[in-house]
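**Student:** Same order as they appear, the protein sequences are chains B and G.
Heads up, my numbering is the position in the first sequence plus 3, with the first residue counted as 1.
Heads up, my numbering is the position in the second sequence plus 2, with the first residue counted as 1.
None of these hints come from the bench; they were simulated from the model.
No residue lacks a Cβ here, since even glycine has one placed at the ideal position from N, Cα and C.
Be aware that one or more of the hints could be misleading.
[Stated by the list, open to error] Residues of chain B placed beyond 10 angstroms of chain G at every Cβ, according to the derived structure: (1) N13; (2) W20; (3) K40; (4) F80.
[To be verified] With a Cα cut of at most 30 angstroms, we get these calculated BS3-like pairs of lysine-lysine: (5) B:K43 with B:K69; (6) G:K13 with B:K48; (7) B:K54 with G:K41; (8) G:K46 with B:K96; (9) B:K77 with B:K54; (10) G:K34 with B:K52; (11) G:K27 with B:K43; (12) B:K52 with G:K63; (13) B:K48 with G:K41; (14) G:K27 with B:K33; (15) G:K46 with B:K43; (16) B:K52 with G:K59; (17) G:K34 with B:K43.
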Amino acid sequence: MYEGLFLIDNAHASMEWDTVVKHIHDVLQKNGAEILKTEKWGEKKLAYKIKGHKRGTYLLIHFNAKNTAVATIKRDFQLSDYIVRSLVVKDDKIEELSQIGVTESAGDKDVGKTPEPGIEGVAVPVETNVSVKVAEEG
Amino acid sequence: MTKKRFNKTSKCRFCRMGIDEVDYKDIQNLQKLTTTQGKLFSRKRSGNCAHHQHSVKASIKRARFMALLPYVT
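When you get a sec, could you build the whole thing from the sequences and use the hints?
**Tutor:** The structure is reproduced here in structure tokens:
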């Protein structure tokens, strides 16, 4: 499990955010990585100037890749025009966290399947009702 | 007769919070462990145990690289 934090040039981030994210995803997938979670931090003021940039947008990505592929992934990000700076860190504890993140993002898309423990008690009977209705109709 | 131990709770803030490894993205906590100049606090000053002081050192350096924390102010 790896965690990548990318500092993205603000000019690109404000104009063409989607293409930047797609570019990063493409680089990861080209190297056989499986993306688990993508999170935008938003625009922040940098603690010091980097290549003349005073502000930048951060993007956090959790991904799963072979250890042999990480070196090429890092080099590809260094060559990228959009990315000012990147940090890839190995972390085996992400697994639990990112699983929560994945389920949350999945829950946003299809509302019926929210496996959040707090809402579970409410969500489960609704789901069963739906399935029963479907069964009756079918 | 042995002396009673008064200080039973750990001095290390991360041991008390039950955090195993310090996260470099947690800037608010890391900033408490640096001086106003941005230097790291000593183990004596921060009260951290050896394990967590190592972890803090690594994560502050990562945060500095990503311009989340300053090298010098």
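**Student:** Look at each hint and say if it fits the structure.
**Tutor:** Against the structure, the hints:
1. N13: Holds: least Cβ distance 13 angstroms, greater than 10 angstroms.
2. W20: holds, 19 angstroms
3. K40: holds, 13 angstroms
4. F80: holds, 13 angstroms
5. B:K43 with B:K69: Given that 30 angstroms is the threshold and the Cα spacing comes to 24 angstroms, the pair holds.
6. G:K13 with B:K48: Violated, because 34 angstroms separates the two Cα atoms, which is more than 30 angstroms.
7. B:K54 with G:K41: holds, 23 angstroms
8. G:K46 with B:K96: holds, 29 angstroms
9. B:K77 with B:K54: It holds: about 19 angstroms lies between the C-alpha atoms, which stays within 30 angstroms.
10. G:K34 with B:K52: holds, 23 angstroms
11. G:K27 with B:K43: Holds, at roughly 13 angstroms.
12. B:K52 with G:K63: Within the cut-off at roughly 17 angstroms; holds.
13. B:K48 with G:K41: holds, 20 angstroms
14. G:K27 with B:K33: Given pair K27 (chain G), K33 (chain B) holds - Cα atoms ~27 angstroms apart, limit 30 angstroms.
15. G:K46 with B:K43: Judged against 30 angstroms, a Cα distance of about 37 angstroms means the pair is violated.
16. B:K52 with G:K59: holds, 22 angstroms
17. G:K34 with B:K43: Holds, at roughly 25 angstroms.
Going through the hint list in order, the structure does not satisfy hints 6, 15.
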